[in-house]
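**Q** The listed protein sequences derive, respectively, from chains A and B. Under the numbering used here, think of the first position of the first sequence as 1, with each following residue one higher. Under the numbering used here, think of the first position of the second sequence as 1001, with each following residue one higher.
Among the hints, a few may not be true.
[What the hints assert, rightly or not] Simulated pairs of lysine-lysine, PhoX-like, Cα-Cα distance not exceeding 20 Å:
# : chain 1 : residue 1 : chain 2 : residue 2
1 : A       : Lys3      : B       : Lys1102
2 : A       : Lys3      : B       : Lys1225
3 : B       : Lys1123   : B       : Lys1147
4 : B       : Lys1028   : B       : Lys1172
5 : B       : Lys1089   : A       : Lys16
6 : A       : Lys6      : B       : Lys1102
7 : B       : Lys1133   : A       : Lys252
8 : A       : Lys84     : B       : Lys1147
9 : A       : Lys252    : B       : Lys1067
[Claimed, not checked] Partial chain A-side listing against chain B, Cβ under 7 Å, derived:
#  : residue
10 : Glu71
11 : Phe72
12 : Ala78
13 : Asn82
14 : Ala115
Bear in mind the hints are in silico, worked out from the structure with no lab data behind them. A virtual CB, placed ideally from N, CA and C, is assigned to each residue, including glycine.
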Amino acid sequence: MSKIIKYVFYDIIRNKIVLAYTLFLLLLSIGLFNLGGSPDKAVLSLLNLVLLTVPLISIVFATTHFYNSYEFIELLVAQPINRKKIFMSEYLGVAGSLSGAFIVGVGVPVLLFGASLTGFYLLLTGVFITFIFVALAFLASVITRDKAKGIGIALLLWFYFALIYDGIVLFILYAFADYPLENATLAMTAMNPVDLGRIIVLLNLDVSALMGYTGALYKSILGSLWGIGLAFGLLLLWILVPILSSRSIFSKRDL
Amino acid sequence: MITIENLRKSYGKLQVLKDVNVSFEAGKVISVIGPNGSGKTTLSKCILGMALPDSGDIKINGESVLKKHAYRSQIGYMPQIGKYPENMKIRQVIEMIRDIRKDVTTVDEELIGLYRLQEMYDKRMGSLSGGTKQKVSAALAFMFDPKILILDEPTAGLDPISAEILKCKILKEKKRGKLILITSHIMSEIEEVADEVMCLVDGNVKFHDTITEIKAQANEARLSKAIAKIMNGED
Chain A
1 MSKIIKYVFY DIIRNKIVLA YTLFLLLLSI GLFNLGGSPD KAVLSLLNLV
51 LLTVPLISIV FATTHFYNSY EFIELLVAQP INRKKIFMSE YLGVAGSLSG
101 AFIVGVGVPV LLFGASLTGF YLLLTGVFIT FIFVALAFLA SVITRDKAKG
151 IGIALLLWFY FALIYDGIVL FILYAFADYP LENATLAMTA MNPVDLGRII
201 VLLNLDVSAL MGYTGALYKS ILGSLWGIGL AFGLLLLWIL VPILSSRSIF
251 SKRDL
Chain B
1001 MITIENLRKS YGKLQVLKDV NVSFEAGKVI SVIGPNGSGK TTLSKCILGM
1051 ALPDSGDIKI NGESVLKKHA YRSQIGYMPQ IGKYPENMKI RQVIEMIRDI
1101 RKDVTTVDEE LIGLYRLQEM YDKRMGSLSG GTKQKVSAAL AFMFDPKILI
1151 LDEPTAGLDP ISAEILKCKI LKEKKRGKLI LITSHIMSEI EEVADEVMCL
1201 VDGNVKFHDT ITEIKAQANE ARLSKAIAKI MNGED
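Just chain A, same shape as in the assembly (with noise of 0.2 Å):
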């Protein structure tokens, strides 16, 4: 399974997108750093962004590439190895290329200006977020063989978590706003890894204060060890739902 991973790492590696993403990573969190203010701010902005480009880069990127490496996987196909060994190799060496991009990107620059537990838990969640949105392009880009149709897919994924869900959120919020609804809030936390990741890093800083009695609740659940624990385990989660479908998927299909 190694050896499929280096031959996937060496093709992400020449098409150069991989590189230009670390670069462009490094210069927004040096940039962040450097405009002044606090780390600790630095690290909020940087969290913003960071939910906001890391999945949409991952998913596209791991979409088009799956499409791009069918001839690869044809050809592996027809030797004597598992597909579901040519699937995972294909999933660890894009979701692996992509989180060293990250870690290059922003771990750099985290551990130069503010090395910090929250910095740490940035990365933690960009990485797990990177797994995660590589996890889902490929469920989608198994579920149909047309490659404009999969990146559509993808696409609608990643506007889903990043931004429709959030509307969704606060329109039950306002609906709902005479009824107790903290538990509620949290369970639909847990339900988008996108608003988990930021959470997880929020009640990090100082800022989770201002977030009201839901604030606080949050505060008290995942402000713990074990609340983190918890926070991350939904998380892998996340990773393990879509990949392992997407993985019985492509098992069960022809090729």
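Since chain A is already given, all that's left is putting chain B on it; use the hints.
**A** What follows is chain B alone, placed relative to chain A:
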């Protein structure tokens, strides 16, 4: 060596293979013929596990191969249209496959030499002509000395000299006791290399006989006429 039992395969509503029962012996060259869309490629893809049959079984040396993968080390496959990663060079593709199949000790590079692929090692796969890609496919199929070879229209894009090289190679491997399945439309070529002909029509096996038997049955000296006679005679 290969036994196919009650094999059925459909793509959506289109039933491509309807209850195919057939067996192939080692040391023979079997030519699979049939009109376009009669299920020839699907049959070879099923043997390779690239297409998954709806029902039925495929056995190699008595063991079912469905949902397995290790058996593919015994098969060399040359696809009808070889698809390769466009930005890889010929050298990289060959080295990658060799790297993946490191366990194989005997590597057969005869076709790489005969087709002079080394001279083109640094060309990108995307820039190759259809014929050159076919040569790479052929070289890869024969490389690991497999016991079974599945060649899907092997000479379709090749120039006459290269096709001749391939035919010689096929006959040479047959003498070494291999089972070779060839799908082809060129009757003269089939007559040259094949021992048996299996004809698929609409996903059913129309006939499966040795060439001499077919000729005798139709009372024709040429295979193409004999086959045409059988096909028309039964309609």
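**Q** Hint by hint, say whether it matches the structure.
**A** Now the hints, each set against the structure:
1. A:Lys3 / B:Lys1102: holds, 11 Å
2. A:Lys3 / B:Lys1225: It is violated: about 51 Å lies between the C-alpha atoms, which goes past 20 Å.
3. B:Lys1123 / B:Lys1147: violated, 30 Å
4. B:Lys1028 / B:Lys1172: With a Cα-Cα distance of about 11 Å, the restraint between Lys1028 (chain B) and Lys1172 (chain B) holds, given a limit of 20 Å.
5. B:Lys1089 / A:Lys16: holds, 18 Å
6. A:Lys6 / B:Lys1102: Satisfied, since the Cα-Cα distance of roughly 15 Å is no more than 20 Å.
7. B:Lys1133 / A:Lys252: violated, 29 Å
8. A:Lys84 / B:Lys1147: Cα-Cα ~25 Å, so violated.
9. A:Lys252 / B:Lys1067: Given that 20 Å is the threshold and the Cα spacing comes to 9 Å, the pair holds.
10. Glu71: holds, 4 Å
11. Phe72: Given a least distance of 5 Å, the restraint on Phe72 (chain A) holds.
12. Ala78: Cβ of Ala78 (chain A) sits 4 Å from chain B, so the hint holds.
13. Asn82: holds, 5 Å
14. Ala115: violated, 39 Å
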